[in-house]
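Visitor: Now for the letters of each chain:
Number of protein chains: 2
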Amino acid sequence: MWQLYQFTLCPFTRKVRTLLGEKDVGYELVKEMPWDRRDEFVDMNPTGQTPVMVDPERSTLLIDSMAICEYFEETIDKAAMINGTATNRAEIRRLVAWFDTQFYRDVTGPLLDERMVKRIVHRTTPNSARLREAMKSSIAHLDYIDFLLDHRKWMAGATISLADLAAAAQISVADYLGGIDWTGHTHAKAWYGAFKSRRSFRPLLAERMSGIEPPSYYENPDF
Amino acid sequence: MWQLYQFTLCPFTRKVRTLLGEKDVGYELVKEMPWDRRDEFVDMNPTGQTPVMVDPERSTLLIDSMAICEYFEETIDKAAMINGTATNRAEIRRLVAWFDTQFYRDVTGPLLDERMVKRIVHRTTPNSARLREAMKSSIAHLDYIDFLLDHRKWMAGATISLADLAAAAQISVADYLGGIDWTGHTHAKAWYGAFKSRRSFRPLLAERMSGIEPPSYYENPDF
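Residue numbers (the numbering used here), protein chains in the order written: chain H, 1 to 223; chain Y, 1001 to 1223.
These are computed hints drawn from the structure, not numbers from a lab. Everything numeric in this text was worked out from a predicted model, so none of it was measured. Treat the hints with care, as some may be off.
[Said to hold, decoys possible] Incomplete in silico selection of chain H near chain Y, CB under 10 Å:
hint, residue
1, Val42
2, Pro46
3, Thr47
4, Ser65
5, Met66
6, Glu70
7, Tyr71
8, Phe72
9, Glu91
10, Ile92
11, Leu95
12, Val96
13, Ala97
14, His151
15, Arg152
16, Lys153
Backbone N, C-alpha and C define an ideal beta-carbon position, used for all residues, glycine too.
Please take these sequences and the hints and turn them into a complete structure.
Guide: Here it is in structure tokens:
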């Protein structure tokens, strides 16, 4: 059985877990707080970041959320999520990188620092200027998602793909931390409402990070 | 013919160009200075980053250096660089992410900011504390490369892979900017000396960024 090292609000782990859910791959969760920089974990993964997957029976170690997704995409036929022509696949990977890097840098990362790490690790108050900046970026990112979904059914085209999983992973963490203002973002809201009902995603929305409550509408597909 | 938007010292473009060289894919260079944030370029790629590849005849647009590499890996059989079993391929992708993200964040990125952007764009002096920090990180990264190459012929295993191309791309830019102290890094130095002789890589080492000279040994495979 695969072991998946993660913490509840890790957006990169959420992308991987949704993919594993779509593909019906079983795993057990191992709690890892990357900010503890636990020696055994850093020895396993020198970046010190979650997620990491280990299959002890076959001595397999998978590191880096995109490398993990590509691995399961190559080894499990069910629910192909990097699909279509080579050009379609390039567009899916571009958007995964967009959400993993730009959305995380502008929105999810600052929210996690200010509203999670500062609360549960440092027990200090968040930097309100940085939070305001993240909220402003969040609106710009939702505008871009609205633009994409204005001429596409899913993020990267006509079918669901890893780009949608990556987007929902980042958005769900930002939403949990009160960083998403859904007002006016019609396409993004409709897309995310539908995504919330997926069997692969619902279990993640039911989980709570101890000491931090999400907004009341957080789990509701009809919000 | 593919058009490749780039600037001489872009490490992500160097990874792509070395792959295209290995695969004998032709392209023409288009100079793009990402720090200018040229409107037409940002319209094409919202991250504003190089490299971007365009095939005007087939209206194909490829964005994000890893998505570009995966595209050519899927469409050109020659010189497979994400090769081996699914586990090998995961290790290659982990290391590409390591060099693209960690090495860039710790070493190449700060060196480009301090020794290139400040010189040719802002015309200010570099921050010496930040440069010292980058040099310290550079040594730690070379130690890690020595560790990898102590039990492997190439970065990710027995054969050359995209991990080597990603590493050489970052290292060559850091080396151009005087950020690599080769003293004592026996394995890394032997590996890079051999890599410098590759037909796909030599042309990159011959290029110069106007106004910035590399160290005298920079192009020499026997340094």
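Visitor: Against this structure, judge whether each hint is valid.
Guide: Each hint, compared with the structure:
Because the closest C-beta pair between Val42 of chain H and chain Y is about 12 Å apart, greater than 10 Å, the hint is violated. For the restraint placing Pro46 of chain H at the interface with chain Y, the shortest Cβ-Cβ distance is roughly 7 Å, inside the 10 Å limit, so the hint holds. A cut of 10 Å between beta carbons decides the hint on Thr47 of chain H: the least distance to chain Y is about 6 Å, and the hint holds. Checking Ser65 of chain H against chain Y: minimum C-beta separation of about 9 Å stays under 10 Å; hint holds.
Residue-level restraint check for Met66 of chain H holds (minimum Cβ-Cβ distance to chain Y is 7 Å; threshold 10 Å). With a least beta-carbon distance of about 6 Å to chain Y, the hint placing Glu70 of chain H at the interface is held under the 10 Å criterion. Taking 10 Å as the C-beta cut-off, the interface hint given for Tyr71 of chain H holds, the closest approach to chain Y being about 5 Å. Nearest Cβ of chain Y to the Cβ of Phe72 of chain H: about 9 Å, under the 10 Å cut. The hint holds.
Hint status for Glu91 of chain H: holds, given a least beta-carbon distance of 8 Å to chain Y, under 10 Å. Given hint, Ile92 of chain H at the interface with chain Y, holds; its Cβ is 8 Å from that chain's nearest Cβ, closer than 10 Å. Interface hint status for Leu95 of chain H: upheld, as the beta-carbon distance to the closest one in chain Y is roughly 9 Å, under 10 Å. A distance limit of 10 Å between C-beta atoms decides the matter here; for Val96 of chain H the minimum to chain Y is near 8 Å, and the interface restraint holds.
Evaluation of the Ala97 of chain H hint against chain Y yields a held restraint, the C-beta minimum of about 5 Å falling below 10 Å. Hint status for His151 of chain H relative to chain Y: violated, with the closest Cβ pair at about 15 Å, above 10 Å. Among the interface hints, the one on Arg152 of chain H is violated; its C-beta lies about 15 Å from the nearest C-beta in chain Y, farther than the 10 Å criterion. Restraint check, Lys153 of chain H versus chain Y: the minimum CB separation of about 20 Å is more than 10 Å; hint violated.
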